[in-house]
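Q: One-letter residues, chain by chain:
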Amino acid sequence: MRRLLQALCLGGSALIVANIAQAADIKVTIGYLRLQEPPRAVLSNLDPIPASRGIDGAALAIADNRTTGSFMGHAYVLDVVSVAPGGDVVAAARAMLSAHELVVLDMPAEAVLQVADLPEAQRALLLNAATQDTALRAGACRANLLHTVPERGMEADALMQVLLAKRWTRLALIEGPSNEDAALAEAYRQAARKFGLKIVAEKRWSFDTDLRRAASNEVPLFTQGFKDHDAVLVADAHDDFARYIEHNTWQPRPVVGATGLVAQAWAPVVEQWGAAQLQSRFQASAGRQMTPRDYAAWAAVRVIGEAVTRTGAATAVDLRAYILSEAFELAAFQGRPLSFRGWNGQMRQPIPVVNARAQVASAPLEGFEHARNPLDSLGTDQAESACTAFGDAE
Amino acid sequence: MKPFIAFVASLSLALPATAAEIWISNEKDNTLSVIDIDTLQVVRTIPTGERPRGITFNSDYSRLFICASDSDAVQVMDPVTGEILHDLPSGEDPEQFVLHPDDRHLWIANEDDAVTTVVDVQTRRVVAQINVGIEPEGMAVSPDGKTVITTSETTNMAHWIDTETHAIYANTLVDARPRHAEFVKDGTELWVSSEIGGTISIFAASDQREIGKIGFEISGVHPDLIQPVGFKLTPDQKTAFVALGPANHVAVVNTETLAVEAYILVGRRVWHMAFSPDHSQLFTTNGVSGDVTVIDVASRKAIKSIKVGRFPWGAAMRP
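Those sequence lines, one after another, are chains Z and U.
Residues 1 to 394 in this note's numbering are what the first sequence lists, from first letter to last.
Residues 1001 to 1319 in this note's numbering are what the second sequence lists, from first letter to last.
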């Protein structure tokens, strides 16, 4: 309507030409199944998690797909089901899979596996847009499960590439108390080994005081004993305490990992490669900034749209084969085409390394070469992959 | 015949002594840089609206049209004085446009709005808006004026629009993220570059059939980083120069065999280009390095770089 009004105001006798939509030859329904996470207490209330995180990304991608589809006779529908914390996500998955076979999953790793192993899911194509769990790309991989969200190791590798390029190779690691913090710390250790950086000191975070008042007293003492280091690396998976470390360390050192210099699949400061357009379209449709979860959900729905556009097919089997083939590529505002790893179903993608105000780098950095594709310098490579479910590809 | 007479008249009246110029839009400086072809120096820097990208002259070079993307306007400039005469209604976020051979209708890609806007530059009114794919950018018009092309970056299509009815009569898929389109070889072929796909697709204009595709390969540069954007053909249509974005090279393509005959190293993130009036020199905008590379067309060598503003984007020649 805005456009219509504008044209009429500007043009007086302006004529609006709409495309007469062709009758839809193909109708593609994409399910979006979310298990809501229970609210988690974090120290700061500054960055609440948007209630529609992920879903807004999928909705924007459906709109993108529909525009393309309007020229091809392809119709797209998004069917969102959100299960309350602790709800029966398996039952919801059964119901959804009985209706359609293309489903984006927004849930923790255990739930992903339960859904992927359902008899109803065996002919489906599932796209994980939420969990970065390493096992799902390794021994616990599933042939019917692709991942548009990067595994933890991809982000850890991206960060280490940047640190190595800056010669900040001696790291002091602070690990949070949760299981996810431990998994993240392990990913950092592995990535440091992979690129030859040294973790010279490690300490576990155990404070339960209100750091909003005490950080300037506590954090200098906490970091005082670290051996000589170039940067403080913080493993804080839930964005709990990291923000209070920066500018409070004993020695003046950059803080990286969960705050300061951060490697993540998407960030509001990503603006190159036409990303500003995606950011502004997302802001206009969702009324907020695009999070990494939104980007992964957007990518999942766009991956399906791209495959439908190129093949004219709409079945999970046909789309999966095309998505995993060398012909598949998705333009996704990161300066390189995105594709999928044939050995574990992980989407190859550059990883932005950012601070709060600007993008610092896009990994893989120049100089980190790879026999196949520099993007495979991030995360689990084929040779080290423990995934065997993808025997049919590559 | 009329445009030709007008052209001659304006040459004698308005431009008696000036040398030919290359006009460059600087996306992140809100300026134009004007390069004198004889001295290869910037002789004028002219302020514009916000985020100038596409620029084009009318047929007698008496007016310059500027896509001032963030001002949501197409600005009309008197190139002699550098004065903005007025804005045209352009729809939101105009990025690139093409002036119809009738010299009267500007066809504008509205990047943020998935629309192509047709503006009458005389009445300054919007004549039509046509829904196209997401992030329209590349614009081309056939020499006979009957077809206008809009390419859409995220929909990955060339939309073929009938200029009489303003209706899309064909949509052709191209590789990922199309950026630039031009009719070549007397309008018999449409070429579309795809930045992420790394190709130029060639279509027969008569039936929109894909008849060829150009690929690129530079040793030491990963294929993902070879991203064709702007291109220009020599007047004999035998040779194409293709800007390859972050590969920092311009490819020289034989348009008969579609083979790449040379790669010319230029500035960083090479984008669009313009020929000198005698086509002996080619000027490329290099977005990241903020300069313009001058290529000697005969020897296929870069002979000079000229510092301009931040993020040079469009290029247009003024004789």
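These are calculated hints, taken from the structure and not from any lab test.
Be aware that one or more of the hints could be misleading.
Reference listing, derived: stretches of chain Z covered by chain U, where coverage requires no fewer than 3 residues with Cβ under 8 Å from a Cβ of chain U [unchecked claim]:
1) 92-103
2) 335-344
Stretches of chain U that chain Z covers, calculated by requiring three or more beta carbons in the stretch to come under 8 Å of a beta carbon on chain Z [claimed, not checked]:
3) 1058-1068
4) 1154-1163
5) 1276-1287
Pairwise CB distance ranges (calculated) [to be verified]:
6) U:Thr-1165 / Z:Asp-318: 53 to 63 Å
7) U:Gly-1220 / Z:Pro-268: 31 to 41 Å
8) Z:Pro-268 / U:Arg-1268: 22 to 32 Å
Quick reminder that beta carbons are idealized off the backbone N, C-alpha and C, glycines included.
Q: Determine for every hint whether it applies to the structure shown.
A: Results of checking the hints against the structure:
no., hint, verdict
1, 92-103, "violated (count 0)"
2, 335-344, "holds (count 3)"
3, 1058-1068, "violated (count 0)"
4, 1154-1163, "holds (count 5)"
5, 1276-1287, "violated (count 0)"
6, U:Thr-1165 / Z:Asp-318: 53 to 63 Å, "violated (36 Å)"
7, U:Gly-1220 / Z:Pro-268: 31 to 41 Å, "holds (34 Å)"
8, Z:Pro-268 / U:Arg-1268: 22 to 32 Å, "holds (25 Å)"
Checked against the numbered hints above, the structure violates hints 1, 3, 5, 6; every other hint is satisfied.
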